[in-house]
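Chemist: From first to last, the protein sequence lines stand for chains A and B.
Residue numbers for the first sequence follow the numbering used here, beginning at 1 and rising by one.
Residue numbers for the second sequence follow the numbering used here, beginning at 1001 and rising by one.
Just so you know, the hints here were simulated from the structure itself, not pulled from any lab data.
Hints are not guaranteed to be accurate.
[What the hints assert, rightly or not] Listed next, the in silico DSS-like pairs over lysine-lysine satisfying Cα-Cα at most 30 Å (straight line): (1) A:Lys71 x B:Lys1057; (2) B:Lys1071 x B:Lys1057; (3) B:Lys1011 x B:Lys1057; (4) A:Lys99 x B:Lys1011; (5) A:Lys57 x A:Lys17; (6) A:Lys99 x B:Lys1057; (7) A:Lys1 x A:Lys57; (8) A:Lys71 x A:Lys17; (9) A:Lys99 x A:Lys1; (10) A:Lys71 x A:Lys99; (11) A:Lys71 x A:Lys1; (12) A:Lys57 x A:Lys99; (13) A:Lys1 x B:Lys1057; (14) B:Lys1014 x B:Lys1057; (15) B:Lys1071 x A:Lys99.
[Unchecked claim] If we take Cβ atoms under 8 Å as the criterion, some of the chain B residues that face chain A in the derived model are: (16) Gly1040; (17) Gly1042; (18) Pro1043; (19) Phe1045; (20) Tyr1048; (21) Glu1056; (22) Leu1091; (23) Val1102; (24) Glu1103; (25) Gln1104; (26) Phe1106; (27) Gly1107; (28) Pro1108; (29) Gly1109.
All of these numbers come straight from a predicted model, not from anything done at the bench.
Ideal Cβ placement from N, Cα and C applies to all residues, glycine included.
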Amino acid sequence: KNQVEQSPQSLIILEGKNCTLQCNYTVSPFSNLRWYKQDTGRGPVSLTIMTFSENTKSNGRYTATLDADTKQSSLHITASQLSDSASYICVVRAGGYNKLIFGAGTRLAVHP
Amino acid sequence: DTGVSQDPRHKITKRGQNVTFRCDPISEHNRLYWYRQTLGQGPEFLTYFQNEAQLEKSRLLSDRFSAERPKGSFSTLEIQRTEQGDSAMYLCASSNSLDSKVEQYFGPGTRLTVT
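All chains, full assembly: derive it from the sequences and hints.
Modeler: The structure is reproduced here in structure tokens:
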């Protein structure tokens, strides 16, 4: 069964600190992996997309890594800001399918 | 604003009533998706269209749910005889099949509350 699991479920950090969110997936065949940011009451917004051959991709203070062998990905947030408070969702697209498989998300709260 | 738009943003209805939501995708996108998201969970796929053809439906889409995209542009999602379990955020997304990574762009969602 195609699944995406994320950890931790929730996280609280202080403004300015770094954090790393984890994603494990069992999706076959793998096409690409995305990280989305979803503010409360809004639709998800894409941060990064990585294919099988990409190990790291950055978008400003966000850096995503992908290990296709162990089927793990991480999202590292550097120098967190209050506006980083949101849910971060790991999403995997299975090859040949047009639907995405979503994780449950990690709820991040950045406190001053 | 040329992003995906959804209407209404919020809907409160009584159990048993019918509701209809609308999604306007990004104009050049030929694919349109509907998802449902409950609190604390990621979105769950409901159905998707390529142009006006509905190509896939999830088992989550019971016979009380129907989606249309009559002219290959906007789409509607109707829920008949609503139940309290239908309370959720309904998200619409669109993409262009010519985009190799098939990036999906999400709308702001319609929050449905069934009382």
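Chemist: None of the hints should be skipped; say for each whether it holds.
Modeler: Now the hints, each set against the structure:
no.: 1; hint: A:Lys71 x B:Lys1057; result: holds, 27 Å
no.: 2; hint: B:Lys1071 x B:Lys1057; result: holds, 19 Å
no.: 3; hint: B:Lys1011 x B:Lys1057; result: holds, 24 Å
no.: 4; hint: A:Lys99 x B:Lys1011; result: holds, 26 Å
no.: 5; hint: A:Lys57 x A:Lys17; result: holds, 20 Å
no.: 6; hint: A:Lys99 x B:Lys1057; result: holds, 10 Å
no.: 7; hint: A:Lys1 x A:Lys57; result: holds, 27 Å
no.: 8; hint: A:Lys71 x A:Lys17; result: holds, 27 Å
no.: 9; hint: A:Lys99 x A:Lys1; result: holds, 14 Å
no.: 10; hint: A:Lys71 x A:Lys99; result: holds, 19 Å
no.: 11; hint: A:Lys71 x A:Lys1; result: holds, 14 Å
no.: 12; hint: A:Lys57 x A:Lys99; result: holds, 23 Å
no.: 13; hint: A:Lys1 x B:Lys1057; result: holds, 18 Å
no.: 14; hint: B:Lys1014 x B:Lys1057; result: holds, 26 Å
no.: 15; hint: B:Lys1071 x A:Lys99; result: holds, 22 Å
no.: 16; hint: Gly1040; result: holds, 7 Å
no.: 17; hint: Gly1042; result: holds, 3 Å
no.: 18; hint: Pro1043; result: holds, 5 Å
no.: 19; hint: Phe1045; result: holds, 4 Å
no.: 20; hint: Tyr1048; result: holds, 6 Å
no.: 21; hint: Glu1056; result: holds, 7 Å
no.: 22; hint: Leu1091; result: holds, 5 Å
no.: 23; hint: Val1102; result: holds, 7 Å
no.: 24; hint: Glu1103; result: holds, 6 Å
no.: 25; hint: Gln1104; result: holds, 7 Å
no.: 26; hint: Phe1106; result: holds, 3 Å
no.: 27; hint: Gly1107; result: holds, 5 Å
no.: 28; hint: Pro1108; result: holds, 5 Å
no.: 29; hint: Gly1109; result: holds, 5 Å
Checked against the numbered hints above, the structure breaks none of them.
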